[in-house]
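A.B. asks: Letter by letter, the chains look like this.
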Amino acid sequence: MKRTFLGEFEEIVLLTVASLRENAYAVTVTQELETKTGRQVGFSSVHTTLQRLEEKAYLTSVMGGATAERGGRRKRFFTVTALGQKVLVEVKTVRDELWSTLPSEFQLTNG
Amino acid sequence: MKKTTPPRWATKLIARFAHPDASEEVQGDLLEMYEHWVCVVGPARARRLYVLNAFKLMRPFAKNTKSQQYSKTYSFSLVMIRNYFKIALRNLNKNKGYSAINIGGLAAGLAIAMLIGLWVHDEFSFDKYHQNYDRIAKVMQTVTVEGVQYHGEYMPAPLGNELRTQYADDFKYVVMSSFNDEHILAYGDKKFTKTGNYISPEAPHMLSLKMLQGTRAGLKEQNSIMLSEGVAQVLFGAENPLGKIVKLDNAMNLKVTGVYEDLPYNTEFRDLTFIAPWDLYVATQNWVKVALEGEQWDNNSWQILAQLNPNSTFESVSRKIEGVKLKHAPHTAYLKPALFLHPMEKWHLYSTWDISGNVTARIQYVWLFSIIGAFVLLLASINFMNLSTARSEKRAKEVGIRKAIGSLRGQLIWQFLSESLLVVAFAFVLSIWLVVLLLPAFNALADKQISFLWTSPAFWLTGIAFCLITGLISGSYPALYLSSFQPIKVLKGTFTLGRFSTMPRKVLVVLQFTVSVTLIIGTIIVYRQIQHAKNRPIGYDRSGLINVEINTPELRTQYNVLRRSLLETGAVVEMSTSSTPPTHTSFNNGGFEWEGKDPNFKDNFSTVAVTHDFGKTVGWQFVDGRDFSRSFSTDSTGMVMNEAALKYMGFKKPSDMIGKYMKWNGVTFTVVGVIKDMLMDSPFKPVEPALFMVNYGWANVINIKLSPVLPARESLDKVEAVFRKLNPGSPFDFRFADDQFEKKFSTEERIAKLASVFASLAVMISCLGLFGLASFTAEQRTKEIGVRKVLGASLPNLLALLSKDFMLLVTISCFISAPLAWYLLNRWLLSYEYHTEISWWIFVLTTFGALAITLLTVSYQAIRAALLDPVKSLKTE
Chain A
0 MKRTFLGEFE EIVLLTVASL RENAYAVTVT QELETKTGRQ VGFSSVHTTL
50 QRLEEKAYLT SVMGGATAER GGRRKRFFTV TALGQKVLVE VKTVRDELWS
100 TLPSEFQLTN G
Chain B
0 MKKTTPPRWA TKLIARFAHP DASEEVQGDL LEMYEHWVCV VGPARARRLY
50 VLNAFKLMRP FAKNTKSQQY SKTYSFSLVM IRNYFKIALR NLNKNKGYSA
100 INIGGLAAGL AIAMLIGLWV HDEFSFDKYH QNYDRIAKVM QTVTVEGVQY
150 HGEYMPAPLG NELRTQYADD FKYVVMSSFN DEHILAYGDK KFTKTGNYIS
200 PEAPHMLSLK MLQGTRAGLK EQNSIMLSEG VAQVLFGAEN PLGKIVKLDN
250 AMNLKVTGVY EDLPYNTEFR DLTFIAPWDL YVATQNWVKV ALEGEQWDNN
300 SWQILAQLNP NSTFESVSRK IEGVKLKHAP HTAYLKPALF LHPMEKWHLY
350 STWDISGNVT ARIQYVWLFS IIGAFVLLLA SINFMNLSTA RSEKRAKEVG
400 IRKAIGSLRG QLIWQFLSES LLVVAFAFVL SIWLVVLLLP AFNALADKQI
450 SFLWTSPAFW LTGIAFCLIT GLISGSYPAL YLSSFQPIKV LKGTFTLGRF
500 STMPRKVLVV LQFTVSVTLI IGTIIVYRQI QHAKNRPIGY DRSGLINVEI
550 NTPELRTQYN VLRRSLLETG AVVEMSTSST PPTHTSFNNG GFEWEGKDPN
600 FKDNFSTVAV THDFGKTVGW QFVDGRDFSR SFSTDSTGMV MNEAALKYMG
650 FKKPSDMIGK YMKWNGVTFT VVGVIKDMLM DSPFKPVEPA LFMVNYGWAN
700 VINIKLSPVL PARESLDKVE AVFRKLNPGS PFDFRFADDQ FEKKFSTEER
750 IAKLASVFAS LAVMISCLGL FGLASFTAEQ RTKEIGVRKV LGASLPNLLA
800 LLSKDFMLLV TISCFISAPL AWYLLNRWLL SYEYHTEISW WIFVLTTFGA
850 LAITLLTVSY QAIRAALLDP VKSLKTE
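Those protein sequences? They're chains A and B, same order as listed.
Read left to right, the first sequence gives residues 0 to 110 (numbering that gives the first Met the number 0).
Read left to right, the second sequence gives residues 0 to 876 (numbering that gives the first Met the number 0).
No wet-lab data here; the hints were simulated from the structure.
Note that the structure is a prediction, hence the values are computed from the model and not measured.
Every residue, glycine too, gets a C-beta built ideally from N, C-alpha and C.
Incorrect hints may have been included.
Some, not all, of what chain A presents toward chain B, calculated at C-beta under 10 Å [to be verified]:
no., residue
1, Asn22
2, Tyr24
3, Ala25
4, Thr29
5, Glu33
6, Gly41
7, Ser44
8, His46
9, Gln50
10, Met62
11, Gly63
12, Gly64
13, Arg72
14, Arg73
15, Arg75
In silico lysine-lysine, DSSO-like type, Cα no more than 30 Å apart, as pairs [unchecked claim]:
no., chain 1, residue 1, chain 2, residue 2
16, B, Lys171, B, Lys319
17, A, Lys35, A, Lys55
18, A, Lys35, B, Lys55
19, B, Lys335, B, Lys345
20, B, Lys55, A, Lys55
The whole structure should be built from the sequences, with the hints applied where relevant.
C.D. replies: This is how it looks when you write it as structure tokens:
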């Protein structure tokens, strides 16, 4: 099987987009990441990552309608493609497999 | 809460430089984030974060993906280019006849241009073999008599030393030189007549001779000689020539001290096949010694060459030395002698002057032929353009379909340009082949040794640049024109070329024929001028007349023995000696006195020393008086003059002078006869006043009249036997007066031949074009002809219909070229003092000739079209 390249940051951005469903655009993704991870996330890196994921065809995007709050500028909403979902599942499977091989006490001490 | 705004400049920056695909949402997102940051971290940090992120999101070099998607074309991809060439090749293949005309015509034009280019290159590279090319000069002088200026390279002997000592700062070398002349070189029993020169020992350094053996310092010893490679080869073969003894002119034994590489054909000194030291010349020739030691400043008989020091310029040194001769020979002041340096760069192309001092030299022929070459190339390009546009209607449908399925105009332009470039490339290859094939013949015609510049990058660059330019220019018109067709009109079939669409083509045909007809008229007139000069009465009989140079003491002293032996063979009618052969004069003298001479008259006559038998040998014709005769002892101081001399002295009747005296150098001559003018010098100039005096000592050539009864070969064998016996030290070399006379026309004949070659090629190329055009017209009008035939048009009607247009065009060209040719050639003819007139019939004849050629070219196509069965031509649709 061809190996999928998905960096750690890319993975969580992709996951966040998936979790935000219809309301995933650069701002919400950044804010969601900040609240979920509690760390400072650079907006520009989120933006760049979203574009890169779209180039890799894990995401697709559409422009939303005109809005009032940001000078009438439209938003670009992202959704995860079927390929993106498949990649996410693959990554999860690999992790699960690895987890399942761990001794139980490791799980306990960390749990 | 107070509403804050992000820094405006950062907003502008990101609006300007964001990724064009994401510009809108990035700006929006950033604004939203800014408000978020204001809430979370406060306005100050928010501003900082805003600016930072704005910078990070700049993508100043990103391109819009949408525009990229649509602008991507395949015009320059390999596949498309290959397709262009494939289409081009198919088109060429489909119309084999036109392709052949196109490529052949263009190749002929290119080949001519290339040959002329090679010739011009060779002319300009003359003498560049010498390393000091840009610092060598010839010392020359001008004299001005009654407003007429003469240029000469004959210098007084003491001038060399004067320049060497007084102007040592300016001159690196000053080299004295006798003129290149024929001498006999002998080694063992091998004897050859070779041209060589006596020069000062610095000459090999100055001329940067490439020494194969020995050193450039080989002329220091008086009894030494340096040989060219070629001469060393024939004299010594495989032997080592160094140190061997060679006999010069059967009198001097000289040691070979060096062998130098043969000088190339395109150098002034190409005939310098051996060099002997100047000192030897002075030591063996008493008159030179006298001139040198006696400081004879008015005896101009030698050549002086010089090389300047790097700091001196020709102009400044010329100014310095201008008056040197006048200073030492003040009695020549009436001639206003002025010395100047003539740089080596100008020797070949700028070395003749007219009487008012303007350059009238070879450079004019270089210009003339360059212009002809450019015109021939232009004619070929015009053909190409004409044929391509004529075919445009045929390809209009192709253009329509291409445009309909999405070709852009630019792509079509490139397609047609690539097609014309392909044709030019074929023509280029063909023309190189032609040039290689024609080069030997061209060399013979132009008296050159040009070789094809296979290894010269400059040549290839010029050639390819030339082809590109020709291809682009001649391809541009069809490319721009064809690609402008509107697909709807073309495909609907309502497309017609407008009434004026043939106008440019017609103008081009007129231009072509104007050039061709001018060249034809030019050629005819040049030939007529030559014929005119050849038919000129020469005043003596040159058939069977030969001359032999006197180059050994044996020949000089045995006049009577030689004459008796020659007459005894029966192969010789008469023999005499003279100072110059009858085809040449080389001595001019003044200072004659006669009865009734105006004391202010500065006389100048050609002087020829002859023997009693000279008249009978050359067969001169008397107007009055009698020939020299041995039966009058007073004839040893007798004189014969020509009619020109009589007129020059201001006498009308020959009897005014006959029996009168002429005093010269203390000798009183008695005029015994007046002859008809003998044409000895240029056949294009008036005969100079000449005086013939009996002098057995002043003899340089032996003139022999062969018997007309015996075959020339047999007579010559007998003459040779006599010479072998009496003059064993030298080979028997002779010249026919006929050949010598012919040589006087060599420049003009060369021009005539070249001009006729170019003219016929120009006509050929023009006719090729006409042929192609005619066939197209005929093809286009097939239907019209069919209808006319059905309605009863006869063959002559149709022929007239099809040829009329072309005849009109050619007639117009003739009317343009007649005054043009008259103007140009009249100027050319005026440069000859003895010249033919341009008569009207030449123009009439050329016009008729051009029309006849046009008719021939066109009628083939016209007859073919007119004979076509109307049923067939009307059925096709």
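A.B. asks: Run every hint past the structure and note whether it holds.
C.D. replies: The hints, checked one at a time:
no., hint, verdict
1, Asn22, "13 Å, violated"
2, Tyr24, "7 Å, holds"
3, Ala25, "4 Å, holds"
4, Thr29, "7 Å, holds"
5, Glu33, "8 Å, holds"
6, Gly41, "7 Å, holds"
7, Ser44, "8 Å, holds"
8, His46, "6 Å, holds"
9, Gln50, "7 Å, holds"
10, Met62, "7 Å, holds"
11, Gly63, "9 Å, holds"
12, Gly64, "12 Å, violated"
13, Arg72, "3 Å, holds"
14, Arg73, "6 Å, holds"
15, Arg75, "4 Å, holds"
16, B/Lys171 to B/Lys319, "16 Å, holds"
17, A/Lys35 to A/Lys55, "25 Å, holds"
18, A/Lys35 to B/Lys55, "24 Å, holds"
19, B/Lys335 to B/Lys345, "24 Å, holds"
20, B/Lys55 to A/Lys55, "21 Å, holds"
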